Amino acid sequence: MDEGFRRACMEAVRRALDEDLQSRGDITSQAVIPPGTRARGRVVMREEGVVAGLPLASMTFRALGAKVSFRSLANDGEKLPAGSVIAEVEGPALGILEGERTALNFLQRLSGIATLTSLFVAKAAPHGAVILDTRKTAPGLRALEKYAVRAGGGRNHRFGLFDAVLIKDNHVAAVGGVGEAVRRAREALGDEFPVEVEVQRLADLEEAIQAGADRVMLDNMDVGEVEEAVRLARGRVELEASGRINLDNVAAYAATGVNFISVGALTHSARALDLALDLEPVRA
404 MDEGFRRACM EAVRRALDED LQSRGDITSQ AVIPPGTRAR GRVVMREEGV
454 VAGLPLASMT FRALGAKVSF RSLANDGEKL PAGSVIAEVE GPALGILEGE
504 RTALNFLQRL SGIATLTSLF VAKAAPHGAV ILDTRKTAPG LRALEKYAVR
554 AGGGRNHRFG LFDAVLIKDN HVAAVGGVGE AVRRAREALG DEFPVEVEVQ
604 RLADLEEAIQ AGADRVMLDN MDVGEVEEAV RLARGRVELE ASGRINLDNV
654 AAYAATGVNF ISVGALTHSA RALDLALDLE PVRA
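Numbering (this note's numbering), first residue to last: 404 to 687.
None of these hints come from the bench; they were simulated from the model.
Owing to the predicted nature of the structure, the values given are computational and were not obtained by experimental measurement.
Please note that a few of the clues may not be correct.
Unchecked claim - Mimicking DSBU-like on lysine-lysine, the simulated pairs with C-alpha atoms at most 30 Å apart in a straight line are: (1) K482 to K539; (2) K526 to K470; (3) K539 to K526; (4) K526 to K571; (5) K571 to K539.
Stated by the list, open to error - Between beta-carbon pairs, the in silico distance windows are: (6) A434 to L592: 15 to 21 Å; (7) R410 to R587: 45 to 51 Å; (8) P437 to M404: 36 to 42 Å; (9) G627 to D566: 32 to 38 Å; (10) V447 to R410: 26 to 32 Å; (11) A477 to L682: 25 to 31 Å; (12) L564 to V685: 47 to 53 Å; (13) L605 to N573: 18 to 24 Å.
Backbone N, C-alpha and C fix where the C-beta goes; we use that ideal spot for every residue, glycine too.
Input sequences plus hints: build the corresponding full structure.
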């Protein structure tokens, strides 16, 4: 785990625990659980899926300082069947209950993203197309959600507005054309960043290529239009299909010969994977 990602995880854990516990902590458990009660639990997958988020679950319990031990029994990126036990916890019952929901929220959210990504990858990979994510992530959780995409076998698109050029329709409208927008980006930035431009019409593809784009995003084009774009490009530029692509049609888009397929749904519409923490008391 690199330092930047570790910091992002720790900050996300801190915010989530602060949100859940505030200054008073778990008042229900404090009222009901006798002091000194110990417990152990197992994190169980209620459905098949790809695991992601185990480091965050571990960080959650460590951040509470409650002497709860967390042991991973799986690795992020593993596809496991329903009923699999992916982690064990043991320690003070109050500490486990304080961290339970936060740890599960991270695991369920990230495992859901990894699982959905793996389904897209399985359909696109036989045709050589790479599945990409987008910036359509939950605010403040982008590093975590893009990590989950990687765990599911996908690849990350740009992280933000600072690390790659992606000329969209509004940029084109502001300067009067695809070619002009690409030329302006090249003049301003040279070869420091790759330049990608979005086109919504096949008529703009050649203009983008001639202007020196490294990649062209084919936005909201149907399969037939993407096939024609691949034919027209003749390998002179990388092509990325995007918009209205789902599990029912992603294989057809991949079969056109595009290099990349970007899917916002990986992060903005992934369903949380069903996991649970089954707890039992530890007898003295």
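Hints and how they fare:
no. : hint                     : verdict
1   : K482 to K539             : holds, 25 Å
2   : K526 to K470             : violated, 44 Å
3   : K539 to K526             : holds, 22 Å
4   : K526 to K571             : holds, 27 Å
5   : K571 to K539             : holds, 15 Å
6   : A434 to L592: 15 to 21 Å : violated, 60 Å
7   : R410 to R587: 45 to 51 Å : violated, 35 Å
8   : P437 to M404: 36 to 42 Å : holds, 37 Å
9   : G627 to D566: 32 to 38 Å : holds, 33 Å
10  : V447 to R410: 26 to 32 Å : holds, 30 Å
11  : A477 to L682: 25 to 31 Å : violated, 19 Å
12  : L564 to V685: 47 to 53 Å : holds, 50 Å
13  : L605 to N573: 18 to 24 Å : holds, 20 Å
Consistency with the previously given hints fails for numbers 2, 6, 7 and 11, ordered from lowest to highest.
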